[in-house]
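Construct the complete structure from the given sequences, taking the supplied hints into account.
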Amino acid sequence: MLLIFQILFFGFFLTAEWSVYRRMREGRLRRSDGLFWAIFWLFALFVVLYPSVTSIWAGYLGIGRGADMIVYVALSMVFFLLFRQGIAIESLRRSLTKKVRDEAFGRGKIERLKD
Amino acid sequence: MVGIVIPAYNEEKKVAQVVRSVIAIARPDFVVVVNDASDDNTAEVAVAAGAQVITHEINRGQGAALETGHEYARRLGADFVVDFDADGQFEPADIRPAIDFLQKSTTDILIGTRFGVGGNKIPFFKKYFLLPLARLFNRIFLGVKMSDAHNGFRVYTKRALNEIFIRQDRMAHASEIPVLAHKAGLKLCEYPVRVYYHEYGQRLSGAVKIVGDLLMGKFIK
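Taken in order, these protein sequences are the chains called A and B. Residues 1 to 115 in the numbering used here are what the first sequence spells out, letter by letter. Residues 1 to 221 in the numbering used here are what the second sequence spells out, letter by letter.
By construction, these hints were calculated from the structure, which means they are not laboratory data. A portion of the hints provided could be inaccurate.
In the DSSO-like style, the derived pairs of lysine-lysine whose C-alpha atoms are separated by at most 30 Å in a straight line are [what the hints assert, rightly or not]:
hint: 1; chain 1: A; residue 1: K99; chain 2: B; residue 2: K158
hint: 2; chain 1: B; residue 1: K218; chain 2: A; residue 2: K99
hint: 3; chain 1: A; residue 1: K98; chain 2: B; residue 2: K187
hint: 4; chain 1: A; residue 1: K98; chain 2: B; residue 2: K183
hint: 5; chain 1: A; residue 1: K98; chain 2: B; residue 2: K218
hint: 6; chain 1: B; residue 1: K183; chain 2: A; residue 2: K99
hint: 7; chain 1: A; residue 1: K99; chain 2: B; residue 2: K221
hint: 8; chain 1: B; residue 1: K127; chain 2: B; residue 2: K187
hint: 9; chain 1: A; residue 1: K98; chain 2: B; residue 2: K14
hint: 10; chain 1: B; residue 1: K158; chain 2: A; residue 2: K98
Sample of chain B residues facing chain A (criterion: CB under 10 Å; computed from the structure) [stated by the list, open to error]:
hint: 11; residue: V34
hint: 12; residue: H56
hint: 13; residue: G61
hint: 14; residue: R167
hint: 15; residue: F219
hint: 16; residue: K221
Since we're looking at a predicted model, the values are computed, not measured. The beta-carbon is built from N, C-alpha and C at its ideal position, and this holds for glycine as well.
Encoded structure:
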């Protein structure tokens, strides 16, 4: 019998997968990224429906409990995504700087005292 | 042709005096103030003092402002370019001797150092903690050995100016420049300059941010 949490998560899973599909179709998510997130949510659903498998995987990795493994994996993913976001933001900042510089020269507004 | 590049952000109180004294004492061919989207009258004051002013519409940081000034100097074909602070912490009388020193030394870029000249009152924490730590970081992680870790007084030859393109928009440019010089096979020398402290300058939090910017910069093409 399914627990309430599992039913709720199933609903969340469907929403997440729909969102990934929609973003891919609209071209807002690359195919490779879309595939990654589709598999990720499928994997998450599997873990929620069959939580006992995490204990088996945790045993292979030398981690005591399945719940601990989930926390470690989740934290690693959060840090990795933060790192990727950081790089994306820095790249955007540099593009902005280039635009600002081009604009500063382009509009010919170099001010000076009249001779 | 000698040009002075002065990045400025909200420096209306000091920039005019700096521009006037630089023009009077160093007699450059041009002084360009890069107004980094100041909220005050920095641009107007600098123009009235005799500088040419390029304005960033959005604040992009000191490194970005310097690179804009360098680009301007490249377009004019400057033979020597001097980076100079807008807050009056450097001594305009050091500019000409530094250029002469660079010419005689057959190196490509000169970086000022607070050490080796009397009268520089470096704050205690900075002198005995921040600067040694920054020197160690530069030496281990960047492969740069210098007596001063972050000095904004620099003189570039035309060759150095055409080889060094600053990519660090904020304060990490001071660590980036010697690294870029080294990568381009340029020779670097140090020259003692006077520094007048109006404010503390870089703090520990700023140093941490610089390290973060340098690390992040490694992952960006």
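Hints, verified against the model:
For the given pair, K99 of chain A sits about 25 Å from K158 of chain B by alpha-carbon distance, which is consistent with the 30 Å threshold. Pair hint K218 of chain B plus K99 of chain A holds up; C-alpha atoms about 22 Å apart against a cutoff of 30 Å. Our distance criterion of 30 Å between C-alpha atoms is met by K98 of chain A and K187 of chain B, whose separation comes to about 28 Å. Annotation: proposed proximity of K98 of chain A to K183 of chain B holds, straight-line Cα distance about 23 Å (limit 30 Å).
For the hint linking K98 of chain A to K218 of chain B, the alpha-carbon distance of about 19 Å falls within 30 Å, and the restraint holds. About 26 Å separates the Cα atoms of K183 of chain B and K99 of chain A, which keeps this hinted pair within 30 Å; it holds. Taken as a hint, the K99 of chain A and K221 of chain B pair is honoured in the structure, with Cα atoms around 17 Å apart against an allowance of 30 Å. Our distance criterion of 30 Å between C-alpha atoms is met by K127 of chain B and K187 of chain B, whose separation comes to about 27 Å.
The hinted pair formed by K98 of chain A and K14 of chain B meets the criterion: a straight-line CA distance of about 28 Å does not exceed 30 Å. For a cut-off of 30 Å, the pair hint linking K158 of chain B to K98 of chain A stands: about 22 Å separates their Cα positions. For V34 of chain B, the interface hint holds, the least distance from its beta-carbon to any beta-carbon of chain A being 8 Å, beneath 10 Å. A hinted interface residue such as H56 of chain B counts as satisfied when its beta carbon comes closer than 10 Å to some beta carbon of chain A; here the least separation is about 5 Å, so the hint holds.
Here the hint on G61 of chain B is kept, as its CB sits about 8 Å from the closest CB of chain A, short of 10 Å. At about 7 Å, the closest approach between the beta carbon of R167 of chain B and any beta carbon in chain A falls short of 10 Å, and the interface hint on this residue holds. About 5 Å separates the beta-carbon of F219 of chain B from the nearest beta-carbon of chain A, less than 10 Å, and the hint is met. The criterion of a C-beta within 10 Å of any C-beta in chain A is met by K221 of chain B, whose closest approach is roughly 8 Å, and the hint holds.
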